[in-house]
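Start from chain A and add chains B and C according to the hints.
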Amino acid sequence: MRPLFLQVAAVTMMNLKSLPQRLWLSLSTVIAVALVVIVLLAFLAMANGFQRTLANSGSPDVAVILRGGAQSEVNSVVSRDQVRLVEEAPGVAKSADGRPIASAELYLVVDGVKRASGTKANLPLRGIGREGAVVRKGIKLVAGRMFATGTNEIVVGRALQREFAGFELEEKVGFGTSQWTVVGVFEADGSVFESEIWADLPVVQSLFRRDNIFQTVRVRLDGPTALATLKRYADDDPRLKLDVKSETEYFADQASRSHDLVQKLGWPLAIAMAFGALAGALNTMYSAVAARAVEIATLRAIGFGGFPAFVGTLAESLLLATVGGVLGAAATFLFFDGLSASTLGASFTQVVFDFQLTPALALQGLILALAVGLIGGLFPAFRAARMPIVAGLYG
Amino acid sequence: MSSDIAMVRLVGVSKHYVKGNETIAVFEHLDLSIVQGDFVAVMGPSGSGKTTLLHLIGGIDGRDAGEIHVAGARIDGLSEWQLARWRATNVGFIFQFYNLMPMLTAAQNVELPLLLTRLSGHERRRHVETALKVVHAADRATHLPREMSAGQQQRVAIARAIVSDPKLLLCDEPTGDLDRVTGDHILTILQVLNRDFGKTVVMVTHDPAAAKYAKRVLHLDKGRFTEKTGLAA
Amino acid sequence: MNDLTLVRKNLFRKRLRAWLMIVSILTAFAIFGVLASFWQALNVGQDVGNTDRLIVVNKINFTQDLPVSYFDRVREIAGVRQVTHLSWFGGYYQDPKNLLVVLAVEPASYMELYGNDIDIPPEAQQAFKRERTGALVGEDMAKKWGWKIGDRVPIASNIFSQRSGSHTWDFTIVGTFSARRLQVNTNFMVFQYAYFDETRSFSKDFIGWIALRTGSPSLNDRVIKAIDQTFANSPYETATDTEKALNMAFIAQFGNIALFVKLIVGAAFATMLMIVGNTMALSVRERTREIGVLKTLGFSGGRILRLVLSESILLAFIGGLMGLGLAMLFIVSVRGRLIDILPSVSIAPTVMLTGVALMLGLGFVTGFIPALSAMRLKIAVALGRS
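Protein chains in written order, with the numbering used here: chain A, 601 to 995; chain B, 72 to 304; chain C, 12 to 397.
With the rest of the complex left out, here is chain A:
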């Protein structure tokens, strides 16, 4: 009696060699699994890319101050007095000439047009203070120059320029009856700020009738304990009914909400499709076992045990599923990774992000594929192992 391992290897090789006989059916299983993996990974890559953009956007040593209870900048209102109090608060870092590194800002929504679809989109117009670009880390001008204070000049984020039409350098953009000129393009480490338009705060305030109205204040913190100090300061002063958050915290809150939605949509859809693929895999493998009934029975009659037939069938199923999974991951990488997209974020404005597929995510897709291959092969493998010899030989 040949050792078990050799039996298994022999039967498995036979199975795989006879695959071409059921080429189209096997191919349809491979493609079915690949499609399931593509759907799952596309979703995961989308969620991941969106998440990354938001995660990159926060800096732990920048604090965002909003009206107490405001969920996002759009809904916040901060008065001039409150701004002054915050600027003089403990914990706020100071620049070389003793001025606080703080930027009171206004965050408004204006209309833009998406390049890809030609449809309208909500874009953020942020009026920033003099220290606006300095407060945030990682802001780099890559074309043109910064806007001059007191003028209708704007700078736009690189991602925004890419996704939305009409923001080339030197172009004139109209918001309502006012005309603005694009004088610079900036990069911001792939963060949310790259989806924004920046202008001088006083100009924005006057043109949008928000004189003396601000929405947020951003300050650079001067040390690891600065956030706690600032929070205490705000809590103690009854005039400051404000929320003080680190920027990372602020964006993390926003990110979690949208992340949930995609997860809740992506996995269920992928699993639903996986059922269809599973039906296909089972079908293919049962057909394979039936087609090879004579071979299997003959081997059994010779003296091969049921176990090699079991392993051989299971191996075939897992192989098909693996090929499908790898194909799906590769296709997702080719077509989706790096794909730029934009959607409505928590602040009611467009956030530009890239689909980002990582090896860890691809692994999830592969695991799903293997699960389909395992279940799809398990039951047919049992049937192959327990096939009555006579029935198999004589049909």
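Keep in mind that a hint or two might mislead.
Derived DSS-like pairs (lysine-lysine); straight-line CA-CA distance at most 27 angstroms [claimed, not checked]: (1) Lys155/C to Lys108/C; (2) Lys238/B to Lys389/C; (3) Lys236/C to Lys772/A; (4) Lys864/A to Lys236/C; (5) Lys714/A to Lys273/C; (6) Lys841/A to Lys215/C; (7) Lys236/C to Lys714/A; (8) Lys90/B to Lys293/B; (9) Lys154/C to Lys831/A.
Source of the hints: derived by calculation from the structure; they are not laboratory data.
Just chains B and C now, kept in the frame of chain A:
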């Protein structure tokens, strides 16, 4: 016999098939005449074209040259659809392997040819009952083929062949897969169908014992007939 | 027995295989049913009410407001029959996470304009016009929070504050309204603009947007132009469009959802087509002999074609109807949880009809080639010994 109507008449029929680069002639300029009410056994070595002959008579294969007249119609040259219609009313086939639909009951199998007619469900069931009675398989009506013995399956097949009351029965080795006793029962039924119901029977067989049930025996060899009448081998 | 029985028996000759194919078809149609219905619900423009209402917003963006004086000026424009104004309150109940749709409106004109969509009992209508702090609450919202007529509810705003500094306004529920049609959303609340404007600390005399209906849909284009022209070159320019177009544009902001739905459903259907198509072909090949026998019995090629095609179509319908049924069950069960995003989701007749058409198409495509080869099968070959 001389003034009887010809049920089957082949005039100068040739048939060949292509295998790879060769063209092999099955028969050339073959003539055949079978009168109504005859029971003919066709014997011959394997590859002699007995089955092909049966197929030609039944209109399920076409000839390359010559005329084929069956049941009063000239069937060479008819279209597929015309042949199908003709077959439905004129010919009944019986094969070596019973060729019953495995997922239909005996009665449902026998009913199949009647789906081609305009008979009502009630009438169809009546015909099925009658046919099953003739072959002594009425007790198997609700059984599936896998629940029946070889002999029973063949009887159901015969019932299916006669349920439309065709004038001609074509049998390809009907007892080839049956033991002696069961085979004899089948052949007896064929004789009854021939003698009492006036059906013309053409039976291909390699078994001389089976051929004894026929009225005439034709030997087909190298594309030529030689006739041995009745009981001689 | 008849042709249908024959077809059915052939389909289920190998029961496991038939059911596996049905599962495959079922999942594809379930996915289709759910996604298409979600898309339909988002695309509320199906509802007639939306195509004949026009909305006037600030040209810069719909989040910017308009002067309340525009309301009277729009009323003057030729072709405008009914008009009202609405403002976004930014409301939440108790926890800032419990966001609500709360609108400050001009009571009489609002009820007149939206009367075709929502059914407000006459007493409620009177009360709403009369009570300064009164609010009308939609059925769905009232049910969600357990509010009843007469309740005093405090709603906070995450944008506005009262002059006193508080962010909370107290409302008395004077009535509830129900939807006149399935697609109409009732998960919102309306209250008096006057109460809002008198008490808030900023944006006095400004409104969010204006909604109107013209004398007839054919006048729409003209009225749109007239309105926008009236306010062109003013500090608050307007952009007017149909409510349907605005809704669609808003949905489009999330991304090309239609494309996304098509791609996913397409992938699911492609999978199913491959599996079922190949299996049908395999199944017919296995029956070569039987097909030959049927032909000897006198079944014509055309009839055999019809039998095979009927089989694949029957299969498609069994799986498809089960799939749509599953989709319906799913939608009904999640409807409560989705009431905030997709308030009026259900399986619309158009989705059903499209589904049936797809079943027919699927049955045809998967069965056509096997049916054709079965039809063309030569009897002698089919009965052959090999």
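Taking the numbered hints from earlier one at a time, note which ones the structure violates and give those numbers from smallest to largest. Checked against the structure, the hints that fail are numbers 4, 9, while the rest are satisfied.
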